Amino acid sequence: MQAELKHGARESREMMLGSDAIAHGVRLCRPAVISAYPITPQTHIIETLSEMVDTGELQSQFIKVESEMSAIAACLGAVSAGSRSFTATSSHGLAMMHEILHWFSGARMPLVMVNANRALGAPWNIWCDQSDSMSQRDVGWLQLYCETAQEALDSIILAYWLSEQIMLPVMVMIDGFILSHTMEQLLLPSQREVDAFLPPYRPAIFLDPENPKTFCAAAAADNFYQLKKAIAATMETAETLLAEGYALFAGRFGRSYGHVEPYCCDDAEVVFCCAGALSGTVRVAVDQLRQEGHRIGLVKLRLFRPFPGAALIRLLAGTKRLVVLNRSVSFGAAGTIAQELRAAFYREDCRPQIHDVIISLGGKEVFPATIREIALRAAELSPTESIWIG
Amino acid sequence: MLWNVTTTEYLTSGHMACPGCGASLSLRHALKVLGGQTIVVLPACCMSIIAGAFPSSAFSVPLLHVPFATAAACASGVRRSLLAQGKKGVSVMVWAGDGGTFDIGLQALSGAAERHEDFIYVCYDNEAYMNTGIQRSSATPQGAWTTTTPAGKELQYEKKDVIAIVKAHAPAYLATANIAYPDDFMAKFERARDLSGFRFLHLLSACPPGWKIDSSEALHISRLAVETGIFPLLEQDEEKNLRLTYVPQSWLPVAAYFQAQGRFKGLAEEDIDFLQQETERKIAAYG
Chain A
1 MQAELKHGAR
11 ESREMMLGSD
21 AIAHGVRLCR
31 PAVISAYPIT
41 PQTHIIETLS
51 EMVDTGELQS
61 QFIKVESEMS
71 AIAACLGAVS
81 AGSRSFTATS
91 SHGLAMMHEI
101 LHWFSGARMP
111 LVMVNANRAL
121 GAPWNIWCDQ
131 SDSMSQRDVG
141 WLQLYCETAQ
151 EALDSIILAY
161 WLSEQIMLPV
171 MVMIDGFILS
181 HTMEQLLLPS
191 QREVDAFLPP
201 YRPAIFLDPE
211 NPKTFCAAAA
221 ADNFYQLKKA
231 IAATMETAET
241 LLAEGYALFA
251 GRFGRSYGHV
261 EPYCCDDAEV
271 VFCCAGALSG
281 TVRVAVDQLR
291 QEGHRIGLVK
301 LRLFRPFPGA
311 ALIRLLAGTK
321 RLVVLNRSVS
331 FGAAGTIAQE
341 LRAAFYREDC
351 RPQIHDVIIS
361 LGGKEVFPAT
371 IREIALRAAE
381 LSPTESIWIG
Chain B
1 MLWNVTTTEY
11 LTSGHMACPG
21 CGASLSLRHA
31 LKVLGGQTIV
41 VLPACCMSII
51 AGAFPSSAFS
61 VPLLHVPFAT
71 AAACASGVRR
81 SLLAQGKKGV
91 SVMVWAGDGG
101 TFDIGLQALS
111 GAAERHEDFI
121 YVCYDNEAYM
131 NTGIQRSSAT
141 PQGAWTTTTP
151 AGKELQYEKK
161 DVIAIVKAHA
171 PAYLATANIA
181 YPDDFMAKFE
191 RARDLSGFRF
201 LHLLSACPPG
211 WKIDSSEALH
221 ISRLAVETGI
231 FPLLEQDEEK
241 NLRLTYVPQS
251 WLPVAAYFQA
261 QGRFKGLAEE
271 DIDFLQQETE
281 RKIAAYG
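Top to bottom, those sequences are chains A and B.
Going by my numbering, the first sequence opens with residue 1, and the numbers climb by one from there.
Going by my numbering, the second sequence opens with residue 1, and the numbers climb by one from there.
Excised from the complex, chain A in its bound form (with noise of 0.2 Å):
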């Protein structure tokens, strides 16, 4: 009652740093069971969510855990018994996870978990990089990449909306710092908005004396295999479901997102792709070359796994150059996101040049004229090796 009264019925405009946009974002999903070990730059987020618990906004059991393993695991055992859990890490703190993120795709448990985009040691680093997430894209959670703090914030509800459908957990992610320190003027939905789009979490089968059940029991061969199949089976649908997802938020809250989103693409001759608030700093470059005469344009990568390769070739096939920003690299392949470009494209006759660059790893900042200089020199880019710039 009080925290109605407090963020009122009806959405409000409002000016907040990234992190308490996301803790919003997580208030509104009304997560029974919240577990959490802080790490910069993520540390933000729990810090507001265990105030909103403190003072009752929000009705939720915070576990102070003792690591980031611990995290995950206590969200694990909380979904397994029927509640609906978040977590929130970042950098080594997602890697320490990677065991239990397996675990959780495979024991098709749904959960939430925001990553503050951050580079890994060695050397020490704790400024912005996607390594931490790109490297595990190969666990069984999707992966959501936000421009803005209103963009992280809707995609909690639709992630909720769509994990719980799909019995898979789904990671969304800020860049640390850049994202999760900066202030933004946003739309904060009200609590009775989400409330009729996000239906509670009522499992077919939970952890209950009732009705016991084994879960995650040891599988022989046959049907681990069937297991596993069925996790990529679901992962094909997922794409399906999120534009369902999608186009209901539109209908609901006005605001439409995309797992690929073009920004100035269809006449362009050189289009930039990313993922995350980069896309923040093409589009501002992307606007200077268009005012020069220059047919640029970029797609932000929202959705990074499932992979929607489908939509981008539909996007980019008639393009000239493709040059992708990777926030990350796989050491002795290529850019994370230029590989699955590449992956996406072997089979289509008609497909853009790919150019890979790797480009502010460990917060090295990228200015838009960098991305002008790029775009400019777009066809002096090797086509074939990695282009560290920076």
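Honestly, the hints are just simulated from the structure, not real lab data.
None of the values given here were measured: they were computed from a predicted structure.
Any given hint could be a false lead.
As the list claims (entries may be wrong) - The list that follows gives simulated cross-link-like pairs (lysine to aspartate or glutamate, DMTMM-like), each with its CA atoms no further than 20 Å apart:
1. K32/B / E210/A
2. K213/A / E9/B
3. K32/B / E190/B
4. K167/B / E66/A
5. K87/B / E239/B
6. K87/B / E210/A
Unchecked claim - Covered stretches of chain A (in silico footprint by chain B; criterion: 3 or more residues with CB under 8 Å from a CB of chain B, positions within the stretch not fixed):
7. 61-73
8. 79-88
9. 141-147
10. 215-222
For glycine and all other residues, C-beta sits at the position ideal for the given N, C-alpha and C.
Position chain B relative to chain A; hints supplied.
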């Protein structure tokens, strides 16, 4: 005292334990005390296999298999989930081996104990990594042969005092038990069941292949562990001090315990003398 044991089986026949397995016998009786309103959280250990492979299960209470290092954290999540839903009257029990407790699971155990999470943590201690084929754990006693302490000639390390570690967290309940003493065993599970907060039970759990004994000897040797003072039966009293719940008329020499098991074949006489003194010293500390 004769315990009024229910005929209901929560660990059913058809499970995959070796003959003479102390862990399955202990679990069967523990669940009889806790009853059907129990949720079990099970990290990687022998019992992960004993419980049966999908689509079968030997458990007729809800069971959650979890990764090795996470039992106490998962159990914390289960309990908080029940709390959030306002569900009462359900026992949550971790059933972990010595590896999942003394070693890889110790951090999560400490975290849950320090937060006073409301569940029962049971360590069934067969004194080595038996599921993977008898490798040394930090619960392996000095001088015991394992596949990673092959010579059995050096005493190697002292068994980690997990009871002291858990005691330092001021748990709501702390006890050791051994199914060779069923009345004591079941009374302790009943006390643990009826309390709330973090409760810890350390069970010595005979493993015939790992201890190199005949299956028919499992209970006899478990009994010897208590009668010699190797594994004293303890319980935390109201002042949170540990006291013996069973004192034999006279303690047997530890040699009786060691000589009955193939795993201690490498012990020299002076080692046994040394371990005798150590055992006496430890027993005296419990007054």
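Given the hinted pair K213/A and E9/B, is their alpha-carbon gap at most 20 Å?
-> 15 Å, holds
If you look at each residue in the stretch 79-88 of chain A, do at least three have a Cβ nearer than 8 Å to any Cβ of chain B?
-> Our answer is that it holds, as 6 residues pass the Cβ test (under 8 Å) against chain B, meeting three.
Within a Cα-Cα threshold of 20 Å, do K87/B and E239/B meet the stated pairing?
-> 31 Å, violated
For the stretch 141-147 of chain A, does the count of residues with a C-beta closer than 8 Å to a C-beta of chain B reach 3?
-> violated (count 0)
Take a quick look at whether K32/B and E210/A sit within 20 Å of each other, Cα to Cα.
-> Given that 20 Å is the threshold and the Cα spacing comes to 16 Å, the pair holds.
When you check the alpha-carbon spacing of K167/B and E66/A, does it fall within 20 Å?
-> 18 Å, holds
For the stretch 215-222 of chain A, does the count of residues with a C-beta closer than 8 Å to a C-beta of chain B reach 3?
-> holds (count 6)
Below or equal to 20 Å on CA atoms is what counts here, so check K32/B against E190/B.
-> Roughly 10 Å between the alpha carbons, so the hint for K32/B and E190/B holds.
K87/B and E210/A: Cα distance at most 20 Å?
-> Holds, at about 12 Å.
Take the stretch 61-73 of chain A, compare each residue's beta carbon with every beta carbon of chain B, and decide whether three or more fall closer than 8 Å.
-> Satisfied; 10 residues make the cut.
Consistency with the previously given hints fails for numbers 5, 9, ordered from lowest to highest.
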